[in-house]
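Novice: Okay, here's what each chain looks like letter by letter:
There are 2 protein chains.
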Amino acid sequence: MIVALDAMGGDNAPDVNVEGAIEAIRETDDIEVILVGNKDVLTEKLHARLHMKDMATKATANMLDSKRITIRHSSEVVEMNEAATLALRKKKDSSIRVAVDLVKSGEANAVVSAGHSGVAMTTALLYLGKLSGVDRPAIGVVMPTLNGRFLLIDSGANVDCKPVNLLQFAYMGSAYVKTVFAEKSPRIGMISIGEEDTKGNELTKEAFKLLKDSNLNFVGNIEGKDVFFDTADVVVCDGFIGNTVLKLSEGLSDVFMKMLKRELSSLWFGKLSYLLLRPAIRNFKKLMNYEEYGGAPLLGIDGTCIISHGRSTAKAIRNAIKVANKLAKNNLHKQISEELSSINCSSINGKELLNVNCKYKEKEFVKG
Amino acid sequence: MIVALDAMGGDNAPDVNVEGAIEAIRETDDIEVILVGNKDVLTEKLHARLHMKDMATKATANMLDSKRITIRHSSEVVEMNEAATLALRKKKDSSIRVAVDLVKSGEANAVVSAGHSGVAMTTALLYLGKLSGVDRPAIGVVMPTLNGRFLLIDSGANVDCKPVNLLQFAYMGSAYVKTVFAEKSPRIGMISIGEEDTKGNELTKEAFKLLKDSNLNFVGNIEGKDVFFDTADVVVCDGFIGNTVLKLSEGLSDVFMKMLKRELSSLWFGKLSYLLLRPAIRNFKKLMNYEEYGGAPLLGIDGTCIISHGRSTAKAIRNAIKVANKLAKNNLHKQISEELSSINCSSINGKELLNVNCKYKEKEFVKG
Numbered sequence: 001m002i003v004a005l006d007a008m009g010g011d012n013a014p015d016v017n018v019e020g021a022i023e024a025i026r027e028t029d030d031i032e033v034i035l036v037g038n039k040d041v042l043t044e045k046l047h048a049r050l051h052m053k054d055m056a057t058k059a060t061a062n063m064l065d066s067k068r069i070t071i072r073h074s075s076e077v078v079e080m081n082e083a084a085t086l087a088l089r090k091k092k093d094s095s096i097r098v099a100v101d102l103v104k105s106g107e108a109n110a111v112v113s114a115g116h117s118g119v120a121m122t123t124a125l126l127y128l129g130k131l132s133g134v135d136r137p138a139i140g141v142v143m144p145t146l147n148g149r150f151l152l153i154d155s156g157a158n159v160d161c162k163p164v165n166l167l168q169f170a171y172m173g174s175a176y177v178k179t180v181f182a183e184k185s186p187r188i189g190m191i192s193i194g195e196e197d198t199k200g201n202e203l204t205k206e207a208f209k210l211l212k213d214s215n216l217n218f219v220g221n222i223e224g225k226d227v228f229f230d231t232a233d234v235v236v237c238d239g240f241i242g243n244t245v246l247k248l249s250e251g252l253s254d255v256f257m258k259m260l261k262r263e264l265s266s267l268w269f270g271k272l273s274y275l276l277l278r279p280a281i282r283n284f285k286k287l288m289n290y291e292e293y294g295g296a297p298l299l300g301i302d303g304t305c306i307i308s309h310g311r312s313t314a315k316a317i318r319n320a321i322k323v324a325n326k327l328a329k330n331n332l333h334k335q336i337s338e339e340l341s342s343i344n345c346s347s348i349n350g351k352e353l354l355n356v357n358c359k360y361k362e363k364e365f366v367k368g
Numbered sequence: 001m002i003v004a005l006d007a008m009g010g011d012n013a014p015d016v017n018v019e020g021a022i023e024a025i026r027e028t029d030d031i032e033v034i035l036v037g038n039k040d041v042l043t044e045k046l047h048a049r050l051h052m053k054d055m056a057t058k059a060t061a062n063m064l065d066s067k068r069i070t071i072r073h074s075s076e077v078v079e080m081n082e083a084a085t086l087a088l089r090k091k092k093d094s095s096i097r098v099a100v101d102l103v104k105s106g107e108a109n110a111v112v113s114a115g116h117s118g119v120a121m122t123t124a125l126l127y128l129g130k131l132s133g134v135d136r137p138a139i140g141v142v143m144p145t146l147n148g149r150f151l152l153i154d155s156g157a158n159v160d161c162k163p164v165n166l167l168q169f170a171y172m173g174s175a176y177v178k179t180v181f182a183e184k185s186p187r188i189g190m191i192s193i194g195e196e197d198t199k200g201n202e203l204t205k206e207a208f209k210l211l212k213d214s215n216l217n218f219v220g221n222i223e224g225k226d227v228f229f230d231t232a233d234v235v236v237c238d239g240f241i242g243n244t245v246l247k248l249s250e251g252l253s254d255v256f257m258k259m260l261k262r263e264l265s266s267l268w269f270g271k272l273s274y275l276l277l278r279p280a281i282r283n284f285k286k287l288m289n290y291e292e293y294g295g296a297p298l299l300g301i302d303g304t305c306i307i308s309h310g311r312s313t314a315k316a317i318r319n320a321i322k323v324a325n326k327l328a329k330n331n332l333h334k335q336i337s338e339e340l341s342s343i344n345c346s347s348i349n350g351k352e353l354l355n356v357n358c359k360y361k362e363k364e365f366v367k368g
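Line by line, the protein sequences give chains A and B.
Note that this note's numbering numbers the first sequence so that position 122 is 122, with each residue one more than the last.
Note that this note's numbering numbers the second sequence so that position 226 is 226, with each residue one more than the last.
The set of hints was computed from the structure by calculation and includes no laboratory data.
Worth double-checking, as some hints may not be accurate.
If several chains are the same, the list does not tell them apart, and a pair holds so long as it fits within one copy or across any two.
Here are the simulated DMTMM-like pairs of lysine to aspartate or glutamate, each with C-alpha atoms no more than 20 Å apart in a straight line [as the list claims (entries may be wrong)]:
| hint | residue 1 | residue 2 |
| --- | --- | --- |
| 1 | Lys45 | Asp11 |
| 2 | Lys45 | Glu195 |
| 3 | Lys261 | Asp230 |
| 4 | Lys67 | Glu19 |
| 5 | Lys90 | Asp40 |
| 6 | Lys225 | Asp254 |
| 7 | Lys326 | Glu27 |
| 8 | Lys199 | Glu79 |
| 9 | Lys184 | Asp93 |
| 10 | Lys162 | Glu202 |
| 11 | Lys315 | Glu27 |
| 12 | Lys205 | Asp160 |
| 13 | Lys225 | Glu250 |
| 14 | Lys39 | Glu79 |
| 15 | Lys199 | Glu82 |
| 16 | Lys258 | Asp230 |
| 17 | Lys326 | Glu107 |
| 18 | Lys199 | Asp213 |
| 19 | Lys199 | Asp40 |
| 20 | Lys225 | Asp11 |
| 21 | Lys334 | Glu183 |
| 22 | Lys67 | Asp30 |
Only chain A is shown next, with the shape it has when bound in the complex (with noise of 0.2 Å):
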């Protein structure tokens, strides 16, 4: 696959952004990296990079000749801090814009960026356009949990929903589980403050009663004290819980880790303990670390677009070319449509879903 990367986008870009792409490419056979930005720059770059004396360079050389790396100039860039849509009305030819493009006329078939995200999504969301049965595109981020993961959707792209935003978030988790870690009937959970059906605000408890009719596995409400214990496959929510999750989740395993240090050097053995601990720690830290995941799926568009970090590392960036390569090739977007088109409509209460205001719903349950 051909991964559009914005070369310029993140708070470390152009550098990791360019080393991301060469280790992607030297990890794998399969990819191509198109990196997207200024030429002079990237190629000033690529350069130093075959100047090093590692082992890299000539990996590096081979890249260029067998051209799986090369770049496509733009002359902009949308700095992380730019108001968003001043950025989109002027900025026709910065790297997100151009990367985006290229997925668009069919000369990539993913993009990656971790510059300003709100640019992103909405670049990759206007250009790309989104999928029919989709009201509102989402991110899906993969969490760990005791023994596995589970995809949080929505995890920021929305921060105002309605009952049927949850229910679509929810057959987009689906078809993501059921397409990258091959789960057959993916279990989908709801985040909400008690597990029977009436607890909630709102908007979850409109949500579980059109989640309970529809034919997804849906297990019911999550507690916040259960989601890291294996209960769901897909955890669905509304984008402001989602980007709250994942930042208390980042901020807690921060503090556990310091406390749990200072815990350690207050006992005599500590600096020793330390030091034995530290295979357990690293263990820890990288299953909470976003360089992991390396970035996450906007889904609900018409193509494979991945957001990533913008303290994003050349690991991260390496690690979002991957994740890309992979939903391109299992064509993910295509298999969400699949899901959404295949919702059994007489299978779902008709009244509910004219309440939320569910044009598409509405539509197909009339056709039905």
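Once you've looked at the hints, dock chain B against the given chain A.
Specialist: Leaving out everything else, chain B in the frame of chain A:
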């Protein structure tokens, strides 16, 4: 202070309730407890306690002699899975209702319940009443941080909030921190998905304006990843978010301990190091353990009411009674009332307040 304890409320009632009351009295010299519940059952439990041949027996006898522990009969109990509305209407002589009535009549200074939290909150609200200036009472939970603590408000009483509710939570939380932790100018933060003013959902964006225009020490939006790093003394959010934060933290610390244990056991010196590390791990657990905090105050009502975890142990009940004693002694509800009445209306943008349908503010603003 005299604490009315709902002795029949909670998963492990009445045993842990009786034991917790005895412990609280033994460890302090200014607390009296009225055990509210079935007289025969409670008398039997207390007597059984007297016949235990441990060190506490004599102390318990002394408590009974000195009337520091007494029993008030109530003929009914609200079960944990009961429908709240029905229980409130039908069970006029429930232990929680009788306990609240003791505060209302002035026979007790505070009430503690680990029973059905919805019923406990509503009973306290109905019979003790709201403070003037409060639209919705909220639950405040003290949470640990790397080097201190913060009050999370609302932790679950109100799942759907208006901006003005968050403003009131901020004032209530500010009064709590001033009174209980003796902070002169508590830092108020609000959970959102980005630090900038413009980040958030409809609710938080409106609430941001109110908080910014208030006379509180508002430090702005706080992301989930920063709440545990001493960024604020009071963290404001709606009850759905608050409850999710609370339960997610519980779940994550649990999974963290399990992962660490597993990682350790995979090392050849794993068992040994786990033994060596036990004190450090115990300290860490203590920090994240709800038992230590005992219970959470329902803030905004005209009296002192502590809501404890349904799974409360004797230790949790003991600590809840101590917290109740402290808050009642400090007259926290009077402090909150004062804090709310001290709002400098001229420093708040009146138009904003009218927009968000803030009755009491509107009135005060017109007055001012």
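Novice: Hint by hint, note whether the structure agrees.
Specialist: Verification of the hints:
no.: 1; hint: Lys45 <-> Asp11; in the structure: within (16 Å within a copy, 64 Å between copies)
no.: 2; hint: Lys45 <-> Glu195; in the structure: neither (53 Å within a copy, 33 Å between copies)
no.: 3; hint: Lys261 <-> Asp230; in the structure: between (28 Å within a copy, 18 Å between copies)
no.: 4; hint: Lys67 <-> Glu19; in the structure: within (16 Å within a copy, 75 Å between copies)
no.: 5; hint: Lys90 <-> Asp40; in the structure: neither (22 Å within a copy, 79 Å between copies)
no.: 6; hint: Lys225 <-> Asp254; in the structure: both (18 Å within a copy, 8 Å between copies)
no.: 7; hint: Lys326 <-> Glu27; in the structure: within (14 Å within a copy, 62 Å between copies)
no.: 8; hint: Lys199 <-> Glu79; in the structure: between (42 Å within a copy, 17 Å between copies)
no.: 9; hint: Lys184 <-> Asp93; in the structure: neither (42 Å within a copy, 53 Å between copies)
no.: 10; hint: Lys162 <-> Glu202; in the structure: both (10 Å within a copy, 13 Å between copies)
no.: 11; hint: Lys315 <-> Glu27; in the structure: within (12 Å within a copy, 55 Å between copies)
no.: 12; hint: Lys205 <-> Asp160; in the structure: both (15 Å within a copy, 12 Å between copies)
no.: 13; hint: Lys225 <-> Glu250; in the structure: both (15 Å within a copy, 6 Å between copies)
no.: 14; hint: Lys39 <-> Glu79; in the structure: within (18 Å within a copy, 71 Å between copies)
no.: 15; hint: Lys199 <-> Glu82; in the structure: between (40 Å within a copy, 14 Å between copies)
no.: 16; hint: Lys258 <-> Asp230; in the structure: between (26 Å within a copy, 13 Å between copies)
no.: 17; hint: Lys326 <-> Glu107; in the structure: within (17 Å within a copy, 69 Å between copies)
no.: 18; hint: Lys199 <-> Asp213; in the structure: within (17 Å within a copy, 34 Å between copies)
no.: 19; hint: Lys199 <-> Asp40; in the structure: neither (58 Å within a copy, 35 Å between copies)
no.: 20; hint: Lys225 <-> Asp11; in the structure: between (33 Å within a copy, 18 Å between copies)
no.: 21; hint: Lys334 <-> Glu183; in the structure: within (17 Å within a copy, 57 Å between copies)
no.: 22; hint: Lys67 <-> Asp30; in the structure: within (12 Å within a copy, 81 Å between copies)
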